[in-house]
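Asks: So the chains spell out like this:
There are 2 protein chains.
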Amino acid sequence: MTRNEALKKLDEVEAKLLAYGQAMGTLTYDGDTAAPANSAAGRGETLALLGGVVHGLLTAPETREAIEAILSDREGLDRRDIRRAELLKESVDEVCLVPADEYMAYQQLLAEAGAAWHAAKPANDYAAFAPYLERIVEYNRRLARRKDASKPAYDVLLDLYEKGASMAMLDPFFEQLRTSLAPVILAVGERPKPDAPFLHAVYPVHEQRAFTDRLMALMGIDRADCAVGETEHPFTCGFGRHDVRITTHYHEDHVTYSLYSVIHEGGHALYELGCDESLERTLLTGGTSMGIHESQSRFYENLIGRSRPFCEALLPLLRDCFPAQTRGLDAETLYRCVNIAEPSLIRTEADELTYAMHVMVRYELEKRMLSGDLKVADVPGAWNELYRKYLGVEVPDDRRGCLQDSHWSGGLLGYFPSYALGSAYGAQMLRAMERDIDVWGPVARGDLSGVTGWLGEKIHRHGRLLTPAEAFASACGAPFDPGHYIGYLSRKYGELYGL
Amino acid sequence: MTRNEALKKLDEVEAKLLAYGQAMGTLTYDGDTAAPANSAAGRGETLALLGGVVHGLLTAPETREAIEAILSDREGLDRRDIRRAELLKESVDEVCLVPADEYMAYQQLLAEAGAAWHAAKPANDYAAFAPYLERIVEYNRRLARRKDASKPAYDVLLDLYEKGASMAMLDPFFEQLRTSLAPVILAVGERPKPDAPFLHAVYPVHEQRAFTDRLMALMGIDRADCAVGETEHPFTCGFGRHDVRITTHYHEDHVTYSLYSVIHEGGHALYELGCDESLERTLLTGGTSMGIHESQSRFYENLIGRSRPFCEALLPLLRDCFPAQTRGLDAETLYRCVNIAEPSLIRTEADELTYAMHVMVRYELEKRMLSGDLKVADVPGAWNELYRKYLGVEVPDDRRGCLQDSHWSGGLLGYFPSYALGSAYGAQMLRAMERDIDVWGPVARGDLSGVTGWLGEKIHRHGRLLTPAEAFASACGAPFDPGHYIGYLSRKYGELYGL
Chain A
19 MTRNEALKKL DEVEAKLLAY GQAMGTLTYD GDTAAPANSA AGRGETLALL
69 GGVVHGLLTA PETREAIEAI LSDREGLDRR DIRRAELLKE SVDEVCLVPA
119 DEYMAYQQLL AEAGAAWHAA KPANDYAAFA PYLERIVEYN RRLARRKDAS
169 KPAYDVLLDL YEKGASMAML DPFFEQLRTS LAPVILAVGE RPKPDAPFLH
219 AVYPVHEQRA FTDRLMALMG IDRADCAVGE TEHPFTCGFG RHDVRITTHY
269 HEDHVTYSLY SVIHEGGHAL YELGCDESLE RTLLTGGTSM GIHESQSRFY
319 ENLIGRSRPF CEALLPLLRD CFPAQTRGLD AETLYRCVNI AEPSLIRTEA
369 DELTYAMHVM VRYELEKRML SGDLKVADVP GAWNELYRKY LGVEVPDDRR
419 GCLQDSHWSG GLLGYFPSYA LGSAYGAQML RAMERDIDVW GPVARGDLSG
469 VTGWLGEKIH RHGRLLTPAE AFASACGAPF DPGHYIGYLS RKYGELYGL
Chain B
19 MTRNEALKKL DEVEAKLLAY GQAMGTLTYD GDTAAPANSA AGRGETLALL
69 GGVVHGLLTA PETREAIEAI LSDREGLDRR DIRRAELLKE SVDEVCLVPA
119 DEYMAYQQLL AEAGAAWHAA KPANDYAAFA PYLERIVEYN RRLARRKDAS
169 KPAYDVLLDL YEKGASMAML DPFFEQLRTS LAPVILAVGE RPKPDAPFLH
219 AVYPVHEQRA FTDRLMALMG IDRADCAVGE TEHPFTCGFG RHDVRITTHY
269 HEDHVTYSLY SVIHEGGHAL YELGCDESLE RTLLTGGTSM GIHESQSRFY
319 ENLIGRSRPF CEALLPLLRD CFPAQTRGLD AETLYRCVNI AEPSLIRTEA
369 DELTYAMHVM VRYELEKRML SGDLKVADVP GAWNELYRKY LGVEVPDDRR
419 GCLQDSHWSG GLLGYFPSYA LGSAYGAQML RAMERDIDVW GPVARGDLSG
469 VTGWLGEKIH RHGRLLTPAE AFASACGAPF DPGHYIGYLS RKYGELYGL
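Going down the list, the protein sequences come from chains A and B.
One point on numbering: in the working numbering, the residue at position 69 of the first sequence is 87, and numbering is uninterrupted.
One point on numbering: in the working numbering, the residue at position 169 of the second sequence is 187, and numbering is uninterrupted.
These are computed hints drawn from the structure, not numbers from a lab.
There's no promise every hint is true.
Claimed, not checked - Listed next, with one range per pair, are the computed distances between beta-carbon atoms: (1) Ala59/A <-> Pro334/B: 33 to 39 Å; (2) His224/B <-> Gln194/A: 47 to 53 Å; (3) Glu298/A <-> Arg418/B: 32 to 38 Å; (4) Val220/B <-> Glu298/A: 41 to 47 Å; (5) Glu350/B <-> Ala228/A: 35 to 41 Å; (6) Asp111/B <-> Glu488/A: 53 to 59 Å.
Ideal Cβ placement from N, Cα and C applies to all residues, glycine included.
So that you can see chain A by itself, here it is in the shape it has in the complex:
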């Protein structure tokens, strides 16, 4: 295969992968946000069939031949073409490990598992979901073994979501977080917590929807490029820089849930929306890894969104949309109330200080499920025990326990550590950003363009052209050091609680 033939083949496979990816992604997004409950089985059949086509495309000998022709002679090649071939190779290598039938059955399984989880969570019925999780764990264990039988299965999966991640790297990372933060958590636990009437008011869903519009505008997100859907467990997906979807969930008695969901998912969206136009409809568009993606979402959610200056900008919006509910509220009280730190049950609602403990629970459980030490049937008991151990809370039911997250139903085993890594990446990025620009003056005035401009320049516009390590280096110019994250949390909560 000549270089030109190989590049032409690359274009062709890329176009097909993007089209099938958009079709399957839209079916899944629609399934999670709009489709009727009984539609999952039919959608699963369609996803299985389309998955089979993708499988055929990736495992075709000409695809591998084209990749090899490009990567074996890189001299004079455009850097983008090399990176496209490398990314395609990653997909090919992974998919080639799984026979077509098994791959198709897994697509169908995921569609049905998603629907089963959607029904099981509100019904608090772990037993109804467990058989799906069983098969998902089995599939992932098998995949990992095929990919590299010499490594523990969980290490193989971790590397899928964050290149280079492994238990050897994450064990000490989490240990460092735990030992450093445990005394702060303990000290904070002894302090009185702030409170304010706005936390206990009722916020009708339609008023929250209007508030979301204001929040998206504050974040500088153009709704012509980014829609907002509603679902059980908020997530973001994107099909290029003119078609991003965030989702949220409205709780009438809990206004900050959707507030911080929207900012978190909005952070993901800004990454996707910020990719350079020239990467559109190529494999290079989108986020470069889950860790870097979460660094962006949690950057906006916490480092910006739960900062004192941002609360100053947020207050007038809240008062505009919810005048009755926020009567008498001032920025300092708002700031203190969105930073109440205390051990709790739900990861997505956790404060920054205890957040990593929630991730650790999932990390431990995934480790044990993948090694075979923990049976799927025993997950609820183990979950509750770890919440007792790491957070000191009693889990009253599986709905607020091991059924709370959608990730496992979507096959995402090994994803959770990305949240903790991303949080730590973000703290280090903020340090670098503060050296370059005036972050807080504009944020206090509701102007996030400097923040998004800086992240856009360092990270967003490059899409997947940079590896995760390169994207991190582009932003921070130094090796990863979790000390920044720990230092940030200790300072912030020390000041908040007068430690």
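Knowing the structure of chain A, use the given hints to seat chain B on it.
Replies: Chain B alone, transformed into the frame defined by chain A:
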């Protein structure tokens, strides 16, 4: 090809067509209800690529070979297999007329035309939409010429939406409607119209959403099988009996708009939801023609929904959901107010009596566009002139004129007559139903199960297993006679307006 090989091939092609159909249908539904405005071009590329795959599937020699093997020797074959092969042959015959490139480009065009129309309508900017319509008309004219150059292009298109329909059949049909109904319209025009405060009240969107839930329940539609989306121009789509989507549009100052949209689309939904489970995931599921489909939607919307007994059942729901807006309203006033007959601008809001005139305008224009007598640029002028001629109203702008419907942007040229045919079919079906069951007693009590049961037995459960003519005969047991429709309208409006 042996019979067994042919049947196996039929299964295989059918499964793929259904999967691609669901993927493309979901992309389109999502595009119309949830996707951000700028996403159309990217979605168009994906639809074009998937359309190319479908084209390849339908034009493959083995597909035609399988169809021929099945249809050339029907002895001892299951009736369902024959019908599946016949339906597949219709698609193959149509698609084979268009080269792959042109077919793919048309899929992309439709995606972009939909978005262009969505933007042009509120902006009242016909010029921005016209280039798309131009290309859509061109494509359809070319398609018709290739299909049967001996017939006028419009006849070929009419037959696509309603087998057997032609100008030779529709000209006298519309003429009969016009001459019979014109005197009634004229006489009604001289009578005073009812009025009531509830028509002028404000209905917040979130309250209308809750009302939709009640309305769907009243219609006996299980939301686990049927979702409600929101869009500019309401429509229904379905992917089997467990995945139907209706859509509506809420106007705060116009509660009956969404009310009757939901009942209309709910009628479409009941047809799709009523298909026999054994037809699921085959080409036999869904409606057998657009005329029969519209007979069902307009049956619920008008024959049932605008009847006196239904208004009795509707009143308590309205009062529950909108107590302030409906204060003092009684069933008789409601009945009279939802049957105000007067020439108006918007087809979907038209009363039953003048409705066919709206369809005639579109029929005339399509006829002239397809014959080449009317240039796309001249459509607004011709539209306004016909509204003056048939309805005696002045069209103030294109938004309320030729841009009001989404059909042309979706490539549906020849569809509109189905609405008038469907209305007339429905009136004749009601006659047959009234002979078999007590229609009105249960309806007045809010029980539509008898109506839906009768239609389900005669029409819905058969899906596409029956041809449109067979479905009509199954319900009516007599040849089609528009006299029933004219008689129904004359009696109803005669009584309402004391003629």
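Asks: All hints are to be evaluated individually against the structure, with a verdict given for each.
Replies: Quick rundown of the hints versus the structure:
1. Ala59/A <-> Pro334/B: 33 to 39 Å: Because 37 Å falls inside the window, the suggested range holds.
2. His224/B <-> Gln194/A: 47 to 53 Å: holds, 48 Å
3. Glu298/A <-> Arg418/B: 32 to 38 Å: holds, 37 Å
4. Val220/B <-> Glu298/A: 41 to 47 Å: holds, 43 Å
5. Glu350/B <-> Ala228/A: 35 to 41 Å: Given a distance of about 38 Å, which is inside 35 to 41 Å, the answer is holds.
6. Asp111/B <-> Glu488/A: 53 to 59 Å: holds, 54 Å
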